[in-house]
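Peer 1: These protein sequence lines are chains F and L, in that order.
The first sequence begins at 1 in the numbering used here and counts up one residue at a time.
The second sequence begins at 1 in the numbering used here and counts up one residue at a time.
Please keep in mind that the hints were generated in silico from the structure rather than gathered at the bench.
Heads up, a few of these hints could be off.
One copy or two, either will do: identical chains are not told apart, so a pair holds if it fits within one copy or between any two.
As the list claims (entries may be wrong) - Mimicking EDC-like on lysine to aspartate or glutamate, the simulated pairs with C-alpha atoms at most 20 Å apart in a straight line are:
hint : residue 1 : residue 2
1    : K57       : D570
2    : K510      : E567
3    : K176      : D48
4    : K428      : E602
5    : K510      : E571
6    : K428      : E377
The structure presented is a predicted model; accordingly, all values stated were derived computationally and were not measured.
Number of protein chains: 2
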Amino acid sequence: MNANPKFLSATATVDEAAIQPLPNSTKVYIQGSRPDIRVPMRKITQSDTAASFGFEKNPAIYVYDTSGPYTDPEAKIDIRSGLDTPRLPWILERKDTEELAGPTSEYGIERLNDPKLAELRFNLHRKPRRALAGKNVSQMHYARQGIITPEMEYVAIRENMNRRAYLEELKQSGPKGEKLAELMGRQHPGQSFGASIPQEITAEFVRSEIARGRAIIPANINHPEIEPMIIGRNFLVKINANIGNSAVTSSIGEEVEKMTWAIRWGGDNVMDLSTGKHIHETREWIIRNSPVPIGTVPIYQALEKVNGKAEDLTWEIFRDTLIEQAEQGVDYFTIHAGVLLRYVPMTAKRMTGIVSRGGSIMAKWCLAHHKESFLYEHFEDICEIMKAYDVSFSLGDGLRPGSIYDANDEAQLGELKTLGELTQIAWKHDVQVMIEGPGHVPMHLIKENMDLQLEQCHEAPFYTLGPLTTDIAPGYDHITSGIGAAQIGWYGTAMLCYVTPKEHLGLPNKVDVKDGIITYKIAAHAADLAKGHIGAQIRDNALSKARFEFRWDDQFNIGLDPDKAREFHDETLPKDSAKVAHFCSMCGPHFCSMKITQEVREYAAQQGITEIQALKKGMEVKSIEFVKSGSEIYQKQ
Amino acid sequence: MNANPKFLSATATVDEAAIQPLPNSTKVYIQGSRPDIRVPMRKITQSDTAASFGFEKNPAIYVYDTSGPYTDPEAKIDIRSGLDTPRLPWILERKDTEELAGPTSEYGIERLNDPKLAELRFNLHRKPRRALAGKNVSQMHYARQGIITPEMEYVAIRENMNRRAYLEELKQSGPKGEKLAELMGRQHPGQSFGASIPQEITAEFVRSEIARGRAIIPANINHPEIEPMIIGRNFLVKINANIGNSAVTSSIGEEVEKMTWAIRWGGDNVMDLSTGKHIHETREWIIRNSPVPIGTVPIYQALEKVNGKAEDLTWEIFRDTLIEQAEQGVDYFTIHAGVLLRYVPMTAKRMTGIVSRGGSIMAKWCLAHHKESFLYEHFEDICEIMKAYDVSFSLGDGLRPGSIYDANDEAQLGELKTLGELTQIAWKHDVQVMIEGPGHVPMHLIKENMDLQLEQCHEAPFYTLGPLTTDIAPGYDHITSGIGAAQIGWYGTAMLCYVTPKEHLGLPNKVDVKDGIITYKIAAHAADLAKGHIGAQIRDNALSKARFEFRWDDQFNIGLDPDKAREFHDETLPKDSAKVAHFCSMCGPHFCSMKITQEVREYAAQQGITEIQALKKGMEVKSIEFVKSGSEIYQKQ
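Please construct the entire structure, taking both the sequences and the accompanying hints into account.
Peer 2: Here it is in structure tokens:
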């Protein structure tokens, strides 16, 4: 496939839809201990509570913002130049890296020197960096030395979502301030199944979690454009969006658009799973314009280099691919090193065999050569590369189940155990690791899978695809899997890889990407609430208060997708006046359940606390005042 | 609002979209112990496995079919005449009912005699029936006397989904038959949390479950059109679709279309929540054309009768409404009799107060009169009406939480306990009961809610609205609630009331109804799988086998929504040839993970079992044969 013409390097432009700020939202930056630690949040302004509901100020709330500079009107966005590089000073000041003369991989050099690619190529002036000989530049390595990096401080600030500022502003908002702050900040304690979620995320907590391998900050030194983020069971549950063209469909331009679109709606990470002709160039465009970590599956590209013949893959080709991609700035690599020879025959008994592309490539290689894969045999060599750029492992589940039938079978669980062993090898090298998980799993087997992962992989972050909880709904697998994702997130999974409605049927377009993202933001947030993640409920509380007080615009704006909520509302009540109406189309103007509570409250206020207590005890109180004074449920139109 | 002109009684026509059979599907009827017990199933024909995958016959599978005669090309559908009345002989032969001269409710008589309504009115020639004096015509009453009614036998056959015929046909399908039947019928044992799901549903089991109140068959004697179905924790999880106009929007015609549309996609029950001007006439059209049980909330109509002034409601008006609706054939009534005076002030502390319409009406009435509601005070009188027509109680949760903040609070749990007490009163009268549940509940509080319901309501079927697991996604509440619905279904809920994407924003249109239905079919089925409901996994297995064997059409057709799956697939690979292609657009023709398993299997077959065992033990075996003989992953195009 050819690149979309507008992404030829001279004329590429950003997707206009990706750079509009969200309604009533402004980008704010919370400064850390130094001026160059500026952590973005989205501040959503709210209107006051109407006098009829008892006037109250509703301070702006802050939400986690993955959209990067795109939604900042102050930022100058030029796709051809890529994003600014806020991390670069942090990397440089550590003085443990060197600038290379250029790409050092054979393939990287070849692509750079191919004049036919000039038009497609992103015009990068910066040279790649690598750790100085003998140095390890991983965040885990720093953490284990007791160093709190700017990246660690950054994610600590980010995770707290400026909660204290919001609650403080509530306290100061008026005579009811203290009470309101208490109300709006309250949340259910949650059930975290042994997680250790602190009241406040500190930089030291981040460091300690990374040091013990329970969290990672994917942050290649060649991706200085990122706004650092953390993946771990004691932090907010994250989501990953997969994009990528195939030989059958889509172009470079479309993939860059999908990336900016995915992060607009909340994608914390993006994996580029391209398998087409211009993998190298597509990736460069994506990374240079991505404020979120980018993951890849290097074996896909290695396979292209041997014309699709898995048996012809070699360690040398794979190694060159790792270096090529590490020097472009890929933040994590999916490596299917757990597909061992002895597990492959176990899949012959399955309903759907091997469904992981990477897993199938390695299985074929293992069978053809009848030996363990070069990924497994060279695992420590791979670690050496990872630590020279700080690429994190995403240990691939090449044998994940592709159907309910195959869930939690011996092949899957055998591989999981091997991934646990590899985790310890990686940790020996201070290399960051997360573990990929399934797949298709019925609800009652999800917890078993999670518990085994925690135990066998020593709490290295789990990163699951769904899981899909049934096979019978092609076209709706964002939902079959969103159900499983919410649960496994609750049980301890750190990042959820989205599934779009097109799963099993085709490659997702932008509509599908958004549906997948929003579904997974829901799953991740439901998991945060159930775990009792501190502050998670603030957004629910704010939205519910807006809903109860008929602040329609606030209800839309605080939601995950203000555009959709507004569109749905306007289908039945399009007039602007309906946005301030104290009713909605479900019950109509003459009938509304929300109003009764207002009446109950007014009654409570009038009668005083004694009367209320009497009511509670079922004692007789005069009711005449209520009838006289109660404002009517049924508003006159 | 006026009725849609095409639903004027003279010219009303059925929605053409509702009467097309689904792809490759035929309606079959399984006969019971007598010729007039004919239980519908949808039979989905499959193609054979291609020779390249090892030829196999794939017998048709049978799925539960809620669509009624609409999808039967043999049936003559005329909306103006309503459906046939297969239950009528069963009702008549019991000789415990009498035909009335006409409606006996004041309101029913009034509407019948109002000439202005002639054009809108469904032209019903049949007279209503009622139990003979002193008789109780509830299914529970028969069950407790040890009688197995035709309705009970019907649902028993229905629940088994003709599983044995499918497995038997597999066994007979060829030399691999026995093995295939074993494979395709196998499923995970599940975790049922104390449910008692039998290997085979017998009519006697149905009877015993109804007798002890653990299941209900909603089946008003004035709704002889229905195809009986059962709601209980030891049966397949069911779903309910709400339809209904409001003063702001929609018409009779639209509501009838929504009903036929909802059952096409799997709605087991439909509730008519209309609050507009022609509630009575709308309901008649819906019931006469509905093969599924219809539920209502009678207080909505009673309120219309007092011009929306809750305080003016009386027992007499409510009683007349119950009789009016019972004589039309409503199968279950939501009755908010658990909203007690002492619970109302508890809601003053909530984030979102009272969000149930019925709950708010009763709360207002209680406060205004300062006494317990007529629903509570006259509960036994209501039981007398219910048993004269076999209307089931759906005890409404008027104090369900409307936000995460309010989940499982004292108001909600107080009411639940009262509903348990009312259940025992209803059971004293042999009246069938289910219990409505929330609402908005974070995941970790769902099980607590379920367990309390089982305990306090003595395993009367739970019927929940979602629950929504977060408040932050208006526009996607089918998903926020589908997550909770799947879980609560797994834990023991018998029926899930759908939530559409329009929840909180507007009334659902047909697109929303379908999205809600499919989401809830997914949730219900995921719950069946997790509970280990016998036979539930057959459909997953069949779909996954089709997927693995690249039988695209079978994959679409076995799914919940063949139209959507086909449409998504065709977006990227529209040619018919792609439907038989051994690849898909996700990975493209040169790359496919499914093929490797085929190779592994072929390898296994060639090497024989000894070699495979050697492989498992990690021993050396010759690999040259594999390389020589393995068919390539990468198909030449």
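Peer 1: Could you run down the list of hints and mark each one as holding or not?
Peer 2: Cross-check of the supplied hints:
For the homomeric pair K57 and D570, neither the shortest alpha-carbon distance inside one copy (26 Å) nor that between copies (52 Å) is at most 20 Å. Within a single copy, K510 and E567 get their C-alpha atoms as close as 18 Å, and across copies as close as 16 Å, so both meet the 20 Å cut-off. Within a single copy, K176 and D48 get their C-alpha atoms as close as 14 Å, which meets the 20 Å cut-off; across copies the closest is 71 Å, which misses it. In this assembly of identical chains, K428 and E602 lie within 20 Å of each other by CA distance neither inside one copy nor across copies; the values are 65 Å within and 40 Å between.
Within a single copy, K510 and E571 get their C-alpha atoms only as close as 23 Å, which misses the 20 Å cut-off; across copies the closest is 13 Å, which meets it. Within a single copy, K428 and E377 get their C-alpha atoms as close as 16 Å, which meets the 20 Å cut-off; across copies the closest is 72 Å, which misses it.
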